[in-house]
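Peer 1: Protein sequences, first through last, are from chains V, X and Y. One point on numbering: in the numbering used here, the residue at position 122 of the first sequence is 122, and numbering is uninterrupted. One point on numbering: in the numbering used here, the residue at position 38 of the second sequence is 38, and numbering is uninterrupted. One point on numbering: in the numbering used here, the residue at position 7 of the third sequence is 7, and numbering is uninterrupted.
In short, the hints are calculated from the structure, not lab data. Just so it is clear, the structure is predicted and the values come from calculations on it, not from any experiment. Some hints here could point you the wrong way.
Claimed, not checked - For the chain Y half of the interface with chain V, some residues (derived, Cβ under 10 Å), not all of them:
1. F71
2. R79
3. L80
4. W87
5. F88
6. H94
7. S105
8. A107
What the hints assert, rightly or not - Subject to a maximum C-alpha distance of 16 Å in a straight line, what follows is the list of computed EDC-like cross-link-like pairs (lysine to aspartate or glutamate):
9. V:K192 / V:E161
10. Y:K65 / X:E304
11. V:K353 / V:D306
12. V:K276 / Y:D174
13. V:K276 / X:E30
14. Y:K65 / Y:E29
15. V:K276 / X:E304
16. V:K353 / V:E322
17. V:K276 / Y:E73
18. V:K276 / X:D307
19. Y:K65 / Y:D108
20. V:K276 / Y:D108
To be verified - Residues from chain Y that keep clear of chain X, each with C-beta distances beyond 12 Å, as calculated:
21. I25
22. P27
23. D46
24. K65
25. P67
26. T70
27. D75
28. F82
29. P92
30. G95
31. D99
32. A110
33. R113
34. G124
35. I179
Glycine residues also receive a C-beta, built at the ideal position from the N, C-alpha and C atoms.
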Amino acid sequence: MTQAEATAAANPLADRWDGPAVDCDVQVQVGTIETLYPYLEKGWVDWIESTAFRVPPSLAINYPPRAGISMAPQWIPTDGPAAATRYEALRDHLLEPAGPEIAIINPYWGLDSLRHPELAASLARAINDWLIEQFLDRDPRLRGSVTIVHHDPAEAIREIERVGDHPGFVQVHLPVWSQAPWGRRLWHPLFKAIADRGLVATIHYGGVPDGPPTATGWPSYFIEHYAAATQMYLIQVVSIVAEGLFEAVPNLRITLNDCGFIWLPGLIWRLDKDWKGLRRDIPWVQRPPSEAIRQRLCVTALPLDDAPPEEIARAIDWLGSEAMVLYGSGYPRAKGEGLTALLDGVPEAMQSKVMSENARRHFNL
Amino acid sequence: MQVQTQDTPQAMAPEQLARIDVDTHNLIFEAQVAPYLAKRWQSYLETFGLRQQAAYGLAVGQHPLAARTDAWGPEGQPPGLEPAFFCQQLLEEHEIDLAILNSTLQSSCHMMGPGSPRQLIADLARAGNEYEQEVWLDADPRLLGAICVAFEDSQSTVAEIERCAPDSRFLQILLPFRTMDPLGNERYWPMFEAAEHFDLPISLHPAAQHGETGSGWQSFYFEHHAGLPSALYSQMASLIFEGVFDRFPRLQIVFQEGGWSWVAPFMRRLDRSWDQLHSEVPDLEHRPSDYVRRHFWFTTQPIEEPDRPDQFDQLHEQFAAAGLESRLMFSSDYPHWDFDAPAFAIPHSLSSDAREAIFSGNALGCYSRLALLPGIPSTP
Amino acid sequence: MSGPQPEVGSSTRGNRYVVARAADIPPGERRIVRARGRTYGIFNLDGRFHALLNRCPHQGAQLCKGPLQTFVEADAPGRLRFDDSRWFLQCPWHGWEFDIETGQSYADPARTRVRNYPVDIEPGAELAGGDDRRGADQTQQEPLVAGGVHNTVVSGRSKGPYTAETVSVSVEADYVVLILPDRGSKETPI
Numbered sequence: 001m002t003q004a005e006a007t008a009a010a011n012p013l014a015d016r017w018d019g020p021a022v023d024c025d026v027q028v029q030v031g032t033i034e035t036l037y038p039y040l041e042k043g044w045v046d047w048i049e050s051t052a053f054r055v056p057p058s059l060a061i062n063y064p065p066r067a068g069i070s071m072a073p074q075w076i077p078t079d080g081p082a083a084a085t086r087y088e089a090l091r092d093h094l095l096e097p098a099g100p101e102i103a104i105i106n107p108y109w110g111l112d113s114l115r116h117p118e119l120a121a122s123l124a125r126a127i128n129d130w131l132i133e134q135f136l137d138r139d140p141r142l143r144g145s146v147t148i149v150h151h152d153p154a155e156a157i158r159e160i161e162r163v164g165d166h167p168g169f170v171q172v173h174l175p176v177w178s179q180a181p182w183g184r185r186l187w188h189p190l191f192k193a194i195a196d197r198g199l200v201a202t203i204h205y206g207g208v209p210d211g212p213p214t215a216t217g218w219p220s221y222f223i224e225h226y227a228a229a230t231q232m233y234l235i236q237v238v239s240i241v242a243e244g245l246f247e248a249v250p251n252l253r254i255t256l257n258d259c260g261f262i263w264l265p266g267l268i269w270r271l272d273k274d275w276k277g278l279r280r281d282i283p284w285v286q287r288p289p290s291e292a293i294r295q296r297l298c299v300t301a302l303p304l305d306d307a308p309p310e311e312i313a314r315a316i317d318w319l320g321s322e323a324m325v326l327y328g329s330g331y332p333r334a335k336g337e338g339l340t341a342l343l344d345g346v347p348e349a350m351q352s353k354v355m356s357e358n359a360r361r362h363f364n365l
Numbered sequence: 001m002q003v004q005t006q007d008t009p010q011a012m013a014p015e016q017l018a019r020i021d022v023d024t025h026n027l028i029f030e031a032q033v034a035p036y037l038a039k040r041w042q043s044y045l046e047t048f049g050l051r052q053q054a055a056y057g058l059a060v061g062q063h064p065l066a067a068r069t070d071a072w073g074p075e076g077q078p079p080g081l082e083p084a085f086f087c088q089q090l091l092e093e094h095e096i097d098l099a100i101l102n103s104t105l106q107s108s109c110h111m112m113g114p115g116s117p118r119q120l121i122a123d124l125a126r127a128g129n130e131y132e133q134e135v136w137l138d139a140d141p142r143l144l145g146a147i148c149v150a151f152e153d154s155q156s157t158v159a160e161i162e163r164c165a166p167d168s169r170f171l172q173i174l175l176p177f178r179t180m181d182p183l184g185n186e187r188y189w190p191m192f193e194a195a196e197h198f199d200l201p202i203s204l205h206p207a208a209q210h211g212e213t214g215s216g217w218q219s220f221y222f223e224h225h226a227g228l229p230s231a232l233y234s235q236m237a238s239l240i241f242e243g244v245f246d247r248f249p250r251l252q253i254v255f256q257e258g259g260w261s262w263v264a265p266f267m268r269r270l271d272r273s274w275d276q277l278h279s280e281v282p283d284l285e286h287r288p289s290d291y292v293r294r295h296f297w298f299t300t301q302p303i304e305e306p307d308r309p310d311q312f313d314q315l316h317e318q319f320a321a322a323g324l325e326s327r328l329m330f331s332s333d334y335p336h337w338d339f340d341a342p343a344f345a346i347p348h349s350l351s352s353d354a355r356e357a358i359f360s361g362n363a364l365g366c367y368s369r370l371a372l373l374p375g376i377p378s379t380p
Numbered sequence: 001m002s003g004p005q006p007e008v009g010s011s012t013r014g015n016r017y018v019v020a021r022a023a024d025i026p027p028g029e030r031r032i033v034r035a036r037g038r039t040y041g042i043f044n045l046d047g048r049f050h051a052l053l054n055r056c057p058h059q060g061a062q063l064c065k066g067p068l069q070t071f072v073e074a075d076a077p078g079r080l081r082f083d084d085s086r087w088f089l090q091c092p093w094h095g096w097e098f099d100i101e102t103g104q105s106y107a108d109p110a111r112t113r114v115r116n117y118p119v120d121i122e123p124g125a126e127l128a129g130g131d132d133r134r135g136a137d138q139t140q141q142e143p144l145v146a147g148g149v150h151n152t153v154v155s156g157r158s159k160g161p162y163t164a165e166t167v168s169v170s171v172e173a174d175y176v177v178l179i180l181p182d183r184g185s186k187e188t189p190i
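Full structure from sequences and hints, please.
Peer 2: Structure below.
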């Protein structure tokens, strides 16, 4: 099968949805570091060449190159450009066949595992410039994520201020494994910078913490690390609520990317329950946490983990809001059964919200 | 140590028990166990104290000793200190037939973890278990216990399990949610072997290392409480994917106070991950969700409180549809502040069969050692 | 406040319960008392008395045994303010907060509350002195059964199968009188 044939066969929207669609979950890949050379000072290029640095390690920790979750089988290249490393691949694989009105792209490259502040900052700038020139400026359907390195919040804010006004950027990507839980006050200025530019803070699968990546030590297998990643989204949401991030930054909007949503209602209920009795611990949370979550937090739909339609429908009812779930194809990652299952589960009256309206409101498209 | 047989006026067979409370807390601090320690460790504690992970991030709770403010005794005794008041305020008042004591030595204070001399921790566990037998299990036949072990030290752990297991009033082995490595790690396997041999479930309970997550420490007690399940995701994944249950097919795991609404969705995620990644763990004999259905148990407190009452029934349906309806056990968490009263906490909208299973039937399935007990009196 | 408000001076028989001597509940203290088969918490907040039903609407805990706390609020993270003009009773189970003056919960004031009741302070002379408000057969020699922890109380008129100690009313002392809705009147549902 040629790439073109595989593409046609794998079109996520084909025959299932012909209405407007905003794809909120698309990844592009830097590929090799040479891709970034045009966007780096010559001094950094020389530095990189002389140190033989190639790629940050956390990319492979979170996406082992040949592991099943890292690339959907139809995108493993046999001919033509590697999936999502170049605009042409994205266009041919997704934009043309699937025809979303807008696709929001995220170029996660694992920069979080680079601790050298200048190297990391220069690479973040390079990635943002690369994304603008090679993707955002080439197709009005594309929107992007600002890459920052959160270890130095002041530098991250400077980068947001440098590129955040480009009309192509709609969100700042923050990894779910972080140096400290995202609600912490030390991050509040970063979130304020994000919100003040009308950008959304999107928390995505990836990143490295300062210590072990779980609440209970170092997992032995990748599958443990990957499967149990839900715990990270859980504690990040809890932190954001508890530390009053929603109150501190009233115009902040947040997305959870790549954790699914069927687990989320249970947490929302638990947050409300605990708030009633523990409000004095966090008195800046003056309203039940579910209110802020339902108004200001969205979650991309995949992975659905083979949940049957009735479970998807029930989860949406439990969420208590029709505005929270966002369609995303997950291209080119493999996230299991996607659009078919989603549309089978989402009530018909809500489908256009999930497929595009929620995203347009959330990202102010 | 003697196994106590009780002369009881109204012995009940286990099947006749109507309410079993699988998570309660008797208060055991250093002060109580110090007299039971070897002299060396008594004086060590006096001079150097106990260094534990909990010290790295105390999230100050809203309630002293995390307890109900009405659970202090008539003379001001701290909650959970005295068996008589415990039995009156919990068993009598709430018509509970049996209660499993999860000593605060491990369950809340988590004194068995890393950071202090290995032999001290081993001795602390032994002392705590002896104190529990003498002061608590001997006090009332309705009180059953959990074995504290220095779980990071497999040698002393196995020895302590072997020492305590002949006392059939010990129903489980008590661990905190967070261990230095995820529990599937092979260095914990000697403990699993002993546990399986004696039909003792490994029972995890939140403990004093409140704040640790995979991205640093939490700031607030609220975070700790709302985020309780976080470590359990890793513990469940680790136990499954490291092949613990293939090696120990009768081993049972209890997750106490960690909630249960997250389990059915996580089973799906485990299965889907395995569908894509099983080449990493090719020796695993079953699908991950099958292991959850066969080896894990959950307790009700803190009970889920959805927006609408019918959503609770739906939540329970989801749990049951995942094959877990026989694995949810009533717990009160007495004397802690978020205590669930049995008469009110479990919604009456559930079927009577479901309620009966939650209140006693499922616990009887989990704790097969109950059948070893000579006779258990009913609460009059 | 729930229930019909008795007007001072109106004839309100059978629903005014002497529950304690005022001196038995100094400022900052409380007492759990019994009337009509239920228990109530009587609180003295700086000389003002408040009465709440001793039952949390959540899971039925003895609400009035919980801590009474000044209100803490914050309009932003890090900007805590302690407001000692507002006091909340916190349920000993689960920690729900109830405004001591209105009985409303903090979390959901419109729909979740605990019943509260008016409290009067009456001089003993009036209670014992054959005042019409207390009913015709009330005399100084008639001992009233006064309230205390788990003790039962009796109104000026009716007496019941109480097992409490009895206290003679002294004309020199002041008494705390709990005013419950008229018998047979529907209390405002929670």
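Peer 1: Honestly, which of those hints from before does the structure not fit?
Peer 2: 4, 10, 11, 12, 13, 19, 24, 25, 29 and 30
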